[in-house]
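Enquirer: No gaps in the numbering here: position 318 of the sequence shown is 318 in UniProt numbering, and each next residue is one more.
These are calculated hints, taken from the structure and not from any lab test.
Where is the CB? At the ideal position from N, CA and C, for every residue including glycine.
Honestly, I wouldn't trust all of these hints.
Below, in silico cross-link-like pairs of lysine to any residue (SDA-like), each with a Cα-Cα straight-line distance of 25 Å or less [what the hints assert, rightly or not]:
{"id": "1", "residue 1": "K537", "residue 2": "F259"}
{"id": "2", "residue 1": "K292", "residue 2": "S232"}
{"id": "3", "residue 1": "K215", "residue 2": "I191"}
{"id": "4", "residue 1": "K196", "residue 2": "C214"}
{"id": "5", "residue 1": "K537", "residue 2": "G283"}
{"id": "6", "residue 1": "K197", "residue 2": "N60"}
{"id": "7", "residue 1": "K130", "residue 2": "N171"}
{"id": "8", "residue 1": "K323", "residue 2": "T358"}
{"id": "9", "residue 1": "K466", "residue 2": "G527"}
Pair by pair, the computed Cβ-Cβ distance ranges are [as the list claims (entries may be wrong)]:
{"id": "10", "residue 1": "S362", "residue 2": "N60", "range": "46 to 54 Å"}
{"id": "11", "residue 1": "G121", "residue 2": "K414", "range": "47 to 55 Å"}
{"id": "12", "residue 1": "G229", "residue 2": "N62", "range": "14 to 22 Å"}
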Amino acid sequence: MAPPLMERSTNWYLPSAPMVYAVISDPRMVDNPDMPSYQPYVHGMYDPPALIPLQMMGVNLNVDCYVDTAIIVVSGTWRIHCVMGSRSCDCLIAVPMGNQGSILGVEVDLPTKSYVTELIGEQESKGIGKIARPEDGGFLKPHIFTSTIPQIDGGTNISIKIRWSQMLSYNAGRFSLTVPFCFPEYVTPAIKKISKKEKIELNVNSGVANGILCKATSHPLKEIRRHEGKFSFLYEAEIFKWSNTDFRFSYSVSSGNIFGGILLQSLYDYDQSDMFCIYLFPGSEQNRKVFKKEVVFVVDISESMQGRPLESTKSAISAALSKLSPEDSFNIIAFSNEAFQFSTSMELASKDAIERATAWISMKYTVGGSTNLFIPLEKAADMLSNTRGSIPMIFLVADGSVEDERNICHWMQKRLTNQGVLCPSIHTFGIGSFCNHYFLRMLARIGRGEYGAAFDLDSIEVQMNKLFSKGLSTVLANITIDAFDDCEEIEVYSSRIPDLSLESPLTIYGRYQGSFPDNLKVKGILGDLSSFTMDLKIRRAKDIPLDSVAKLSIQTCNISEYTRMTLLEKNIMKHFGAWKKKGDPQKIVESGPPEMILLQRLSVGFGDQIATAENIRPGSQEPELPEVAKIFIKTTSNYFGGICNRCCCMGCIRCCSKMNNQCATTLTQLCTALACIGCLHCCSESCCLNQDD
């Protein structure tokens, strides 16, 4: 079934599984590398280039889950089937990632070269002379990583291994994971005789000794191992077409109450320190009493929030207010260069108050001028300074950067320290790339809260709802671990332990030297304000890579504001020795030192104060599609599935964005040349339509 006519906001043309594209700037190179065919002479070049999806010859998916994190490895072979053997082209790798995905690395093997990504420090990167162009890699979307491999000959088989991490979703005692693994039909080789093998391997090590139950999977997995909180599944088959659905699975941890434990791992690192992980699960009991809450929403209404950002924020706040109980209280502070309060004091969350607050926030419009964050935060903290019998919370939503962020962190840390036991938890949410996400993460960490973000307009409301829901379902607050204060040999990565939410497990990572304490107790305050104490059992985690899961930047290949990703190119030769005999094994040797290419910056960064001062809206710099591209989309979308989808629509859009009508017609003829015989009639009709336009 052909997809619907494309609108500006739809994303059906984006990759839904790891893909590789031939980057075509010269249409004359497009042909079958094995059986050259007659091609009408084509004038002109594509600028920007078109993208043709490559055929996939085999794929393996390996998923390793540890506690609340999944390490995903996709290994596959793609063939440049659309470029004549005497020509070469760049190839673009596109990797869509799931929930809070983070790229870990890419490896590419060719007959005479190999490529591998590597992270280096910011200072070390300044000595690299060769810098990749912006179009050679980066994030096409916040969840889609791309990287370009230069000049590969037509007909070449490319072996690629891609690694990334994702967070498991959690709800009512059940962990679940969704991995983008839905391949379009046009990457399946047209020749049926070619063997196509698909393999999926799933390994789960929950860190829990027992009580693990697999609930559901999207693919026919067969259990091959199970032992003390660990299980493994395997699926392997010869198939006619590649997976057309994402890989999904879920498992439950059978416990109704809060429980947890400690995992230890020896690293044999340079500083002779080892790692630990403390995990707390909220359990599956949904009727557990949550805290009585006093909540203040602090919302940026500067001019840059105009349109979708502010409207999505209003909807999310209205939904959060509807979840409050009548005994909860709330207030709303809207700010730009000054602060506006819904009420001069905290209001009980009655039906009338919520209706008035919803009407008040819906009438708020953006205000010009600079952004002053300190004043509204101070007002919110003052409102919650005399909280009794409830848990105070601040939710901050912003889309820009301010000058005094460091001072705000110092001020907030000092204030929370002096306020006592039930000091406010601070949850932060950043919109777009102009706000300082590093600052928002740090502020949430100081305030024992959660951090969330949205980098495209379509995800603002969804991601904000998740943050609000997680914060409002706190079941254990003011968590402390008794040994942390007494032992100087223990280093915790977070100076303040976040609260435990009913919708998310809590993991705390750190390092220690010498002997780890034999007994640890976790303490906190429950929703009924009673004290909570639990002994934590210690277990050696020999087969859980805590160092990888803990996200230690350079050591574990995780991108941060202080690291840069590079692409190492190595030339290799196959060597047989002085006399080559039939059956002699080939020896792979490197010829010369590798060449290092510095990729574009991949981290979110520290915000943009100039864009904030000029009130530039998030997403406003995205260019509109030219009229010729819109015409091409309309004429191609109805037959897109019918021509075996030889040319990716994403590539068509990029290609047509700078074309005239004649070039658009040429590209349609190019699609016809690549199509199968059964589709020629459909293509010819589309070409006529294009020419008539």
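Enquirer: Is K466 within 25 Å of G527, Cα to Cα?
Expert: Holds: K466 and G527 sit about 20 Å apart, inside 25 Å.
Enquirer: Are K537 and F259 close enough, with their CA atoms no more than 25 Å apart?
Expert: Cα-Cα ~10 Å, so holds.
Enquirer: Verify the proposed pairing of K130 with N171, using a straight-line Cα cut of 25 Å.
Expert: violated, 47 Å
Enquirer: Checking one constraint from the list: CA of K196 to CA of C214, max 25 Å. Satisfied?
Expert: violated, 28 Å
Enquirer: Does I191 lie within 25 Å of K215 when you go C-alpha to C-alpha?
Expert: violated, 37 Å
Enquirer: Is 46 to 54 Å respected by the C-beta to C-beta distance linking S362 and N60?
Expert: About 51 Å separates the Cβ atoms of S362 and N60, which means 46 to 54 Å holds.
Enquirer: That 14 to 22 Å hint for G229 and N62 (C-beta), does it hold up?
Expert: holds, 20 Å
Enquirer: Within 25 Å, alpha carbon to alpha carbon, are K197 and N60?
Expert: Holds. K197 to N60 sits at ~8 Å (cutoff 25 Å).
Enquirer: For the pair supplied as a hint, K292 and S232, confirm whether the alpha-carbon distance does not exceed 25 Å.
Expert: violated, 42 Å
Enquirer: Given the hint that K537 pairs with G283, test it: the Cα-Cα distance must not exceed 25 Å.
Expert: holds, 17 Å
Enquirer: Does the Cβ-Cβ separation between G121 and K414 fall within 47 to 55 Å?
Expert: Once the Cβ atoms are compared, 32 Å apart, the range 47 to 55 Å for K414 and G121 is violated.
Enquirer: Taken at face value, is the distance from the CA of T358 to the CA of K323 at most 25 Å?
Expert: Holds, because 13 Å separates the two Cα atoms, which is no more than 25 Å.
In the structure shown, a violation is registered for the earlier hints numbered 2, 3, 4, 7, 11, in ascending order.
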